[in-house]
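According to the numbering used here, the sequence shown is numbered sequentially starting from 553.
Just so you know, the hints here were simulated from the structure itself, not pulled from any lab data. Among these hints, one or two may not hold up.
Label pairs and their calculated CB-CB ranges [what the hints assert, rightly or not]:
hint	residue 1	residue 2	range
1	586	557	37 to 45 Å
2	591	555	29 to 37 Å
3	564	586	23 to 31 Å
4	559	598	18 to 26 Å
5	587	553	38 to 46 Å
6	613	585	33 to 41 Å
7	615	591	30 to 38 Å
8	553	618	22 to 30 Å
9	613	564	16 to 24 Å
10	588	626	13 to 21 Å
11	561	627	18 to 26 Å
12	629	555	31 to 39 Å
13	557	587	40 to 48 Å
Ideal Cβ placement from N, Cα and C applies to all residues, glycine included.
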Amino acid sequence: IVRGRRETVVLDRTFVDGEGTRWIIDFKSADHEGADVDAFLDAQLRMHAPQLQKYSAILRAFDGRPQRLLLYFPLLRAWRELPAGDQGLPSPSS
Numbered sequence: 553i554v555r556g557r558r559e560t561v562v563l564d565r566t567f568v569d570g571e572g573t574r575w576i577i578d579f580k581s582a583d584h585e586g587a588d589v590d591a592f593l594d595a596q597l598r599m600h601a602p603q604l605q606k607y608s609a610i611l612r613a614f615d616g617r618p619q620r621l622l623l624y625f626p627l628l629r630a631w632r633e634l635p636a637g638d639q640g641l642p643s644p645s646s
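All chains, full assembly: derive it from the sequences and hints.
Okay, structure coming up:
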């Protein structure tokens, strides 16, 4: 139950590392051609942050472990991490 509503979610990957941190990883198949891959990845993180936050809330209901939330782009061999508590989320490019 998320915000009073029943939801079904599918997590791409989650595991607990040797230090007890739960990793929640969402794979994205997006590709980017051209310049400024970093700006593209930052924009993708902003766009998908609510989805990662939902996964975090659901798993936090089952255990209170520290979490790391990550978008992984296998086609780009790159990732972006959503900081805990949504602090430090990249701001939109001007």
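Each hint, compared with the structure:
no.	hint	result
1	586 to 557: 37 to 45 Å	39 Å, holds
2	591 to 555: 29 to 37 Å	31 Å, holds
3	564 to 586: 23 to 31 Å	26 Å, holds
4	559 to 598: 18 to 26 Å	22 Å, holds
5	587 to 553: 38 to 46 Å	44 Å, holds
6	613 to 585: 33 to 41 Å	40 Å, holds
7	615 to 591: 30 to 38 Å	35 Å, holds
8	553 to 618: 22 to 30 Å	23 Å, holds
9	613 to 564: 16 to 24 Å	19 Å, holds
10	588 to 626: 13 to 21 Å	20 Å, holds
11	561 to 627: 18 to 26 Å	23 Å, holds
12	629 to 555: 31 to 39 Å	35 Å, holds
13	557 to 587: 40 to 48 Å	41 Å, holds
Going down the numbered hints, you'll see the structure goes against none, and every one checks out.
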